[in-house]
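Undergrad: So the protein sequences, as listed, match chains E and R.
Note that our numbering gives residue 320 to position 320 of the first sequence, counting from 1, and the numbers run on in steps of one.
Take any residue in the second sequence, note its place counting from 1, add 373, and you have its number in our numbering.
Everything labelled a hint here was simulated from the structure, so no lab data went into it.
We treat Cβ as the ideally placed atom computed from N, Cα and C, and that holds for glycine.
Some hints here could point you the wrong way.
Per the computed footprint, the stretches of chain E lying under chain R, defined by three or more beta-carbons under 8 Å from a beta-carbon of chain R, are [to be verified]: (1) 31 to 40; (2) 44 to 53; (3) 314 to 327.
Ranges between beta-carbon positions, derived for each pair [to be verified]: (4) E:P292 <-> R:L495: 53 to 63 Å; (5) R:G591 <-> E:E273: 45 to 55 Å; (6) R:P554 <-> E:V236: 34 to 44 Å; (7) R:L462 <-> E:L280: 53 to 63 Å.
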Amino acid sequence: MSSVAHLPQDPLPIGPRPAPRALGGHLTAWLRANLFASIPSSIMTLLLLFLLGKACIGLWQWGIANAVWIVSGNDSSACRALRGVGACWAVVPEKYRFILFGTYPFSEQWRPALAVVIFIALFAVSSRRSFWRKELFLLWAAALIVIGCLMWGGFLGLTFVTQDRWGGLPVTLILATFGLAFGFPLGILVALGRRSKLPAIRSLCVLYVELIRGVPLISLLFMASVMFPLFMPDGVNIDKLLRAQIAFILYAGAYLAEVVRGGLQAVPRGQYEAGDALGLSYWQKHALIVLPQAIRHVIPPLVNTFIAFFKDTSLVLIIGIFDLLTTAKTAIVDPAWQSFSVEVYVFVGVIYFVFCFAMSRYSRSLEAQRGTN
Amino acid sequence: MTTSTPKRPPARSSSRTWRLSLSDPRVAGLFWQILVVGIAVAIVAFLWSNAIHNLSVRRISTGFAFLGREAGMPIADSWIDYTPKDTYLRAFIVGIVNTLRVAVIGIVLATVIGTLVGIARLSSNWLLARLAAVYVEVLRDLPLLLQLLFWYVLMQGLPAARQAWKPVEGVYLSNRGLILPSVPLHEANWWTILALVAGLIVFTLVRRRLIAQQMLDGRARPAWPYALGLVVALPALVSLLSGANWSIMLPELRGFNFVGGLTLAPEYFALLIALVTYTSAFIAEIVRSGIQAVPRGQSDAAKALGLKRSFVLQHIVLPQALRVIIPPMTSQYLNLTKNSSLAVAVGYQDIVSVANTTLNQTGQAIESIALIMMVFLTISLGISLFMNWYNARIALVER
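Bound-form chain E, shown alone (with noise of 0.2 Å):
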């Protein structure tokens, strides 16, 4: 203590210098820099300032200071006296409960909305990273449960909806949740047996998933639909909906283990030997260590993967089963509100569009935290 006090005082410190000033003003400055920094960009400027002035003034004149939002009573005459001149929003109040939710029973339709309350719950629980943990499969597990109930119903005085009443968006979010959650274990498996040293183990996966990345989605919709009750015996019958969930699940089964296999690819060789080293079986050593690093290294491309399968699940309208795109575009059979079907799929493309948007924000969240890492 005492020698610091015999030390000479330091000589007064110097500050910072300020920033230099941009010239004109903040504001000047970002515009010179970024919209008329030389000649051939000024006038891009200007060109795209001129048509983006152009379309929000149609777009207004026709989507809000034209649009009619309201009708009484299924009475779309206002609509059609404007039509080509000004939105009809009207048909989407007029509509929405259809759009939503199909032809489940009209006053049982609180069930399926908790369906979807729950899956989006669902979903926001597993984005984040504390609930990574081994108890987010049972939550899962209870959470699709829970839903299945809740849309058949059949007990506690719910009555029992059978699953051709089914529509809307539940279908869509169970089309994809359900191909997802049942998808990722056979992706994880197939991902495995490409990587197998067993020939004859590696040649079946690598049939399975070629096969399946090679054709459309729809051929193997349309397999689901048509084909798949000659292959089964007299007397067993399955459900469509049911049938195009199984398409799905193998349809996501192969993208996901082409993504899994990536990440597998992406753990060093030491983990497998210091596995080996310990004496793990092979099951033990792929699941306590080797995949949870593998598939931490893909989580995005796996959430890429899902906005894939999201959008894909709109697929079903070619084969007649009532998700949120096929109720919209019969929504819009009714003689009434037949020529306003833009106004119908501006409205569920919104829908669509926030999930996707959401998920692909998350996505791209994740890697800027990993390369932050």
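We have chain E already, so just place chain R on it with the hints.
TA: The following block gives chain R in isolation, referenced to the frame of chain E:
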């Protein structure tokens, strides 16, 4: 046999003798393989026997004999001659041609638009970069089928042929689709096209030779005089000599429809727009990440050497970016081709649509779906082989 396990501890006494126990890796390997293959074979056999039984109950004969029967299926939009009196085989060929027509043109357009948007995303112009980002984000986050239905509905909402929009002379947009002016191909014109192709091939060979000579002595030899001679002058000369007729044929409105010109039916046009815009959003991201993957130092170093801007892009940045771009691009091309099967939703008769109609008319479900799969597996294989060849060509040559 299939039981060699190369990484076994060498110091095991039983390494040569076979123990009948699952703790011997060779026995375990054999056991698991027999089990899995056995299950797979059993499932296939079970399904197959059911199928045989069900087909005989429903009196559906198996095999491809139905391909020779009269299809009775109208196909509106076809590039090869077809009437409903033709056979199923011919209908399938029309379907395949229609699939290839939308896939090939779609791939070319999506590559061009995607590349432009990808470069625009990296633009120093903030507005351009933002707009490109919005384009990518919106198109990527909506299902393709929804976009397709949306475009198709817009197409149907266009005015009738008599009130068609006419943005430029000879181009009409109506609910009959997009009508473009065309150049009718007379017989004499084929000689010119042949000359152009021959000129291009010879020019490629000449250019390769010039580059080989430059490799020897380091002196650059200009290739443009050869290009002028072989690709421009030669076809022009042939065109003059053979008396080719290159007059442009403008479409004309007669009655309720257009005569002459090239018609893109609304189904085809909607499918093409949907496929091109959707895929171009993905290609834009691939191009962007490819360009960003080239370290800045590369172009800085090239500029420091005094190389021209266009030379830097062509010879320094692009070859390195392409190495990152090509593999994911291949899978986008495959996706576009597979997605073209959504045509069935708007009634454009591609292979899937034709097979679906055939399936409903004849009940030959297994054969029809097998044909779809065969066609797509062949196309996928073709694209993969071509892109792998191209990828190998541009790959980094290491010692």
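Undergrad: With reference to the structure, classify each hint as holding or not holding.
TA: Verification of the supplied hints:
Proximity of the stretch 31 to 40 of chain E to chain R, defined as three or more residues with a beta carbon under 8 Å from a beta carbon of that chain, is established by the 3 residues found. Coverage of the stretch 44 to 53 of chain E by chain R holds in this model, with 5 residues showing a Cβ closer than 8 Å to a Cβ of that chain against a need of three. Coverage of the stretch 314 to 327 of chain E by chain R holds in this model, with 5 residues showing a Cβ closer than 8 Å to a Cβ of that chain against a need of three. Checked against the hint of 53 to 63 Å, the C-beta distance between E:P292 and R:L495 comes to roughly 37 Å, which is inconsistent with it.
The hint said 45 to 55 Å for the Cβ distance between R:G591 and E:E273, and at roughly 50 Å that hint holds. Hint check: R:P554 to E:V236, Cβ distance near 59 Å, so the stated range 34 to 44 Å is violated. Between R:L462 and E:L280 the CB atoms are about 58 Å apart, so this pair conforms to the stated range of 53 to 63 Å.
Violated hints for the displayed structure, listed by number in ascending order: 4 and 6.
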